[in-house]
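What follows is the residue order along each chain.
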Amino acid sequence: MKNNNAKVAKNLFEELYPICRSITGNGVRDTLQILQEYAPWHVHEFCSGTQVFDWIIPDEWNIKDAYVKNEQGIRVIDFNASNIHVLNYSEPIRGNFSFDKLKDRLYTLPEFPEAIPYRTSYFNRNWGFCLSQNQYDKLNKNEQYEVCIDSTLEPGHLTLADMELKGSEGKRTYIISTYCCHPSLCNDNLSGPILTTLLYQALEKMDLRHNYRFVIAPETIGIITYIHANEEFFRDVDGGFVITTVAGPGEFGAKMSFSHNADVDRVIRLGFGERKMKYNEYSFAPDGSDERQYSSPSFRIPIATITKDKYYEYKEYHTSKDDLDFVSGDALSETLELYISAIEKLEVNNIYRVLEDRCEIQLGKRGLYPTVSGHVKQSANEANESSPKVIGDIIYSNAIDAISWFLFYADGKTDLVTISEKSGVPVIQLHKVAQKMLKENVVALVEDPNG
Amino acid sequence: MKNNNAKVAKNLFEELYPICRSITGNGVRDTLQILQEYAPWHVHEFCSGTQVFDWIIPDEWNIKDAYVKNEQGIRVIDFNASNIHVLNYSEPIRGNFSFDKLKDRLYTLPEFPEAIPYRTSYFNRNWGFCLSQNQYDKLNKNEQYEVCIDSTLEPGHLTLADMELKGSEGKRTYIISTYCCHPSLCNDNLSGPILTTLLYQALEKMDLRHNYRFVIAPETIGIITYIHANEEFFRDVDGGFVITTVAGPGEFGAKMSFSHNADVDRVIRLGFGERKMKYNEYSFAPDGSDERQYSSPSFRIPIATITKDKYYEYKEYHTSKDDLDFVSGDALSETLELYISAIEKLEVNNIYRVLEDRCEIQLGKRGLYPTVSGHVKQSANEANESSPKVIGDIIYSNAIDAISWFLFYADGKTDLVTISEKSGVPVIQLHKVAQKMLKENVVALVEDPNG
Amino acid sequence: MKNNNAKVAKNLFEELYPICRSITGNGVRDTLQILQEYAPWHVHEFCSGTQVFDWIIPDEWNIKDAYVKNEQGIRVIDFNASNIHVLNYSEPIRGNFSFDKLKDRLYTLPEFPEAIPYRTSYFNRNWGFCLSQNQYDKLNKNEQYEVCIDSTLEPGHLTLADMELKGSEGKRTYIISTYCCHPSLCNDNLSGPILTTLLYQALEKMDLRHNYRFVIAPETIGIITYIHANEEFFRDVDGGFVITTVAGPGEFGAKMSFSHNADVDRVIRLGFGERKMKYNEYSFAPDGSDERQYSSPSFRIPIATITKDKYYEYKEYHTSKDDLDFVSGDALSETLELYISAIEKLEVNNIYRVLEDRCEIQLGKRGLYPTVSGHVKQSANEANESSPKVIGDIIYSNAIDAISWFLFYADGKTDLVTISEKSGVPVIQLHKVAQKMLKENVVALVEDPNG
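Residue numbers (our numbering), protein chains in the order written: chain Y, 2 to 452; chain H, 2 to 452; chain B, 2 to 452.
I should point out that these hints are in silico values taken from the structure, not numbers from a laboratory. Errors might be hidden in some of the hints.
It does not matter which identical chain is meant; a pair holds if it fits inside one copy or across any two.
Calculated lysine-lysine pairs in the BS3-like style (CA-CA distance at most 27 Å, straight line) [stated by the list, open to error]:
id: 1; residue 1: K437; residue 2: K8
id: 2; residue 1: K423; residue 2: K279
id: 3; residue 1: K104; residue 2: K366
id: 4; residue 1: K414; residue 2: K433
id: 5; residue 1: K104; residue 2: K8
id: 6; residue 1: K366; residue 2: K437
Just so it is clear, the structure is predicted and the values come from calculations on it, not from any experiment.
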């Protein structure tokens with residue numbers, strides 16, 4: 002399953018990479034159409050010029066070709082070689098320019114001379130080209146250049162998509178959000194839509210209690226448009242994840258919500274902790290991605306993010322080197338597992354009440370305690386006795402510890418995530434104990450702890 | 002006094018060590034009878050078969066003899082050599098067994114080959130023998146063995162004892178609890194009943210404000226029985242101590258209550274702190290001893306424990322090597338002092354209110370401040386002046402600091418334990434200051450801060 | 002301006018140093034008269050014998066001359082050489098004494114033999130002399146000495162002064178308090194009155210929102226007298242600063258209020274933090290200076306203190322070596338800047354509310370965001386593009402970060418000091434952002450967050 006995810010991710014990277022995306026236009030539409038083969042993304046179109054809170058949806062941008070030719074007619078900068086050569090959202094232009102006239106419209110990265118930078122000008126009409134410093138250095142500074150950007154920038158639409166999984170209880174709703182607006186760039190941002198699509202596939206197979214709304218939209222303006230169109234819905238969202246930069250070769254990271262201790266933060270921390278995985282924990286800051294919109298004062302939805310090679314932090318970020326070689330399906334699949342693990346914890350995070358709450362439950366008469374006692378810890382393995390590693394259908398190296406922690410805090414107030422934080426026992430292990438104890442009629446599920 | 006306690010403890014260890022105790026039977030009765038010579042323990046008997054919450058009191062177990070004889074008639078395992086050779090609570094058995102038939106009923110500790118493990122089977126009818134790995138290795142594996150366990154397991158009683166000290170105010174009640182069910186094992190658990198008995202002697206000499214209920218019972222089933230018989234009483238208990246493993250040669254430890262910051266936790270921390278003693282602080286876990294019952298959801302009584310060589314942590318735990326050589330009266334007496342110190346703090350933990358609460362009190366006119374001032378700190382010792390080390394009857398290296406901290410927080414809300422935590426001034430020193438200030442009519446005792 | 006403060010401070014140290022001050026008498030009056038040339042200190046006199054809370058204002062002390070002459074008529078101890086030679090508040094005396102009779106009235110510092118200690122006896126009639134251990138060692142122990150203290154100790158007055166700056170809103174009131182009672186001693190305590198006077202000059206030039214009450218009085222008895230006379234006023238004081246030992250050569254320190262997290266504590270921490278300055282943070286203790294009175298139970302006004310060479314901590318403290326060489330105008334001026342910075346933060350610590358609180362504000366259309374985007378962080382400086390270091394009139398290395406943090410927390414609840422603590426953006430920078438956003442009609446000032 003994990004390997005299959007890695008394989009699907011690899012194929013999707015390769016299929017989606019060539020498309021020239023932007024915050025509007027056919028690049029997004031084509032991308033969504035491919036993703037629809039994997040999950041039931043529902044596409045929505047919003048007209049240019051629509052006011053969405055403090056913003057206005059801009060004209061739609063599409064592009065066919067772009068180049069800078071030298072006096073020999075050779076394309077020294079060529080859109081067909083890389084679509085990030087064009088300043089994204091460039092208005093159409095045709096003409097001849099001396100190098101001196103042209104050079105203020107050329108963007109390079111002197112400190113990373115072999116990479117083409119990725120630059121945009123969405124809300125200010127402009128045109129330009131991005132190229133590597135090495136390319137720039139080779140340009141003849143005394144020549145005339147023929148410039149062509151064969152783009153259109155006209156009233157049209159902004160395109161986004163969503164889908165939903167409804168849980169059996171439906172009392173809590175989480176948003177799972179990613180963006181889609183970068184041209185041929187892999188970790189930021191193709192990895193986000195791919196993981197989000199595969200995450201839907203994984204959750205779709207589970208018996209869910211909570212509701213999950215998935216959205217894929219151009220960053221910032223797209224999500225603002227989506228929130229504007231679903232304002233009442235977002236008044237009742239309990240938390241969520243913004244999925245971005247999840248498939249790099251480097252370290253795992255987690256950016257916490259503004260609360261630093263929301264359930265979405267806590268299940269991520271527990272997931273890394275129980276795997277004994279090192280990761281960088283990033284405090285909340287009002288930068289990054291669409292958590293800025295979901296967490297804005299009127300909504301204050303706590304949003305967390307798991308990353309692998311977090312945006313801002315890797316050298317290849319927003320350059321032509323964030324390419325198919327930088328990411329891998331395996332890396333994406335590892336991050337996917339962490340997201341699934343986080344959501345599994347949200348799903349089982351119930352509160353239980355022990356029915357006989359005066360003193361301990363006698364585990365022995367239920368076959369949950371070794372019949373011969375006196376070891377250092379009852380759960381320890383001993384050479385000349387069958388180890389209590391399997392108790393009922395609970396498999397855990399310290400099964401009795403897990404049971405004891407669970408029953409001690411089965412007080413009708415404390416949820417499994419909290420018990421896991423106090424005890425170090427994985428949430429899923431506590432959940433298995435809880436299921437066993439429900440079956441034994443030792444505890445009851447507390448349906449509504451506040452009701 | 003301390004030396005006397007050490008001596009009494011040593012004698013009691015020696016007198017109680019040979020008795021074969023279990024969770025029921027004459028071993029407990031004989032032990033309690035000896036302890037009654039030192040404190041007014043009141044003995045209670047509870048019938049086998051009684052339902053106590055989720056448990057049932059088992060049949061009473063008594064034993065006269067037990068052995069395994071080889072073909073030469075020599076006792077190769079002999080109850081008379083050590084009563085922990087018998088799997089505690091073994092049902093009676095007589096018969097001849099090949100080694101192959103016998104070997105599944107033999108318990109050893111391969112990793113500690115010279116020690117006999119201590120094993121029990123209270124709630125599952127069973128029989129067996131415990132022996133050192135060295136003994137086991139010497140057994141002829143081809144012989145027939147004559148096995149005899151001359152025990153009885155019949156309807157009878159579970160035996161426990163309690164006693165009480167009533168305080169002058171009686172608004173708060175603490176439980177001081179220990180268990181008594183192990184055969185010839187010293188730190189776990191003879192040290193507990195001995196210290197508890199001596200602690201009664203010490204408290205009995207004090208003018209107490211609070212109530213103290215002392216209980217000694219077989220671990221788990223005994224305390225559950227006791228709580229069952231006193232359920233209403235336990236609804237009003239404010240905290241307590243479970244006394245176990247207090248006389249080893251190793252490090253001091255303190256296991257905190259589930260709250261980690263109950264008054265019983267705080268006075269223990271302060272006691273170690275003011276002595277500048279190193280100790281291991283153990284977070285609460287739902288293991289250990291009878292704190293599991295007192296702190297169960299229905300009661301949630303915070304219980305702390307001071308240990309010297311904490312259970313689970315020393316190699317000799319639950320083996321024949323936890324013997325008279327392992328423990329000492331001196332070690333027990335040191336731990337006793339820490340318990341007395343903790344309870345002294347609970348006793349004096351009053352709240353005071355300064356009568357003139359606007360600006361400072363003038364200490365000088367009350368003879369509490371040096372008449373010539375200007376030192377680096379007024380309390381510093383100087384060569385050519387009488388040091389203010391003794392002020393009134395307050396002896397303290399920084400008497401003025403103690404007075405200042407006390408008066409600053411004599412605000413009718415802050416108790417002495419809190420002032421001690423903020424200031425580092427020992428609680429008893431603050432109490433002496435408070436008594437002096439009461440006499441000077443500078444402060445009043447706040448009888449009921451919430452009333 | 003800073004240099005001018007340093008110069009004025011230096012001159013004031015020199016002018017005030019020779020005066021023999023005490024808790025009453027002409028020394029204080031003369032000092033206040035000189036300070037009145039720099040700020041409108043309003044002088045108040047309180048009669049000896051007046052009861053002020055638990056204290057009584059003592060008789061007024063004045064002194065003309067004092068000496069100890071040897072048999073050759075040479076002044077071996079001479080008030081004219083240093084006024085701290087006299088035990089401060091010595092009653093008048095004239096007579097001849099053998100060395101043996103005299104020696105109990107001589108105070109030295111054996112561990113710092115070249116320094117004269119400063120000693121007082123305010124509330125107990127006494128007389129004596131202070132001298133260096135070196136001087137003491139040279140005294141002929143077999144001679145008769147002629148002693149003269151030409152002082153008066155008679156009903157008179159205690160003298161203190163205050164002044165006030167009223168803020169435009171006046172909802173909050175802060176006390177800025179210093180003491181004046183030490184003779185020729187510089188860091189403790191001339192530096193306090195000098196800084197306080199210069200602080201008034203600085204605040205007087207600002208448009209203030211809050212009220213500031215300045216007071217200069219003899220330590221302890223003087224401030225108690227002042228609070229007694231203004232008891233109702235002090236019921237409404239929100240916080241303050243006690244200014245002492247601010248001009249030494251050593252390390253900065255900050256003694257926190259009893260709350261450790263009052264606004265006066267927080268603005269001091271932020272001031273050191275944004276300058277990346279090392280300082281010693283001292284926890285509250287009920288010692289030190291007049292914070293003891295302001296923070297006494299009935300008032301509980303949080304008071305913080307910034308020091309440079311904190312009292313108690315430097316060797317020269319309360320000796321003749323705390324002289325003009327120990328302090329400097331530059332050091333005092335540096336500490337003054339920190340106090341001004343703290344008060345500026347209190348002044349701008351407003352709460353704002355973003356008017357469109359659903360999703361982000363579009364900064365670009367207001368000229369607050371670079372038109373070409375895609376850098377690692379939008380605020381980063383890049384070689385081939387105008388750096389966004391100046392945005393509007395906001396100058397900040399990370400202007401967009403400052404704006405983002407401000408707008409994210411412009412939720413009508415969070416004040417600028419809190420935003421600064423969360424973000425690391427200096428309060429004044431956030432204030433500039435807020436002013437810009439007010440002008441752009443993006444936010445509103447929340448007049449009364451609780452109203």
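Each hint, compared with the structure:
| no. | hint | verdict |
| --- | --- | --- |
| 1 | K437 - K8 | neither (37 Å within a copy, 51 Å between copies) |
| 2 | K423 - K279 | both (20 Å within a copy, 25 Å between copies) |
| 3 | K104 - K366 | between (84 Å within a copy, 26 Å between copies) |
| 4 | K414 - K433 | within (19 Å within a copy, 43 Å between copies) |
| 5 | K104 - K8 | neither (43 Å within a copy, 54 Å between copies) |
| 6 | K366 - K437 | within (14 Å within a copy, 60 Å between copies) |
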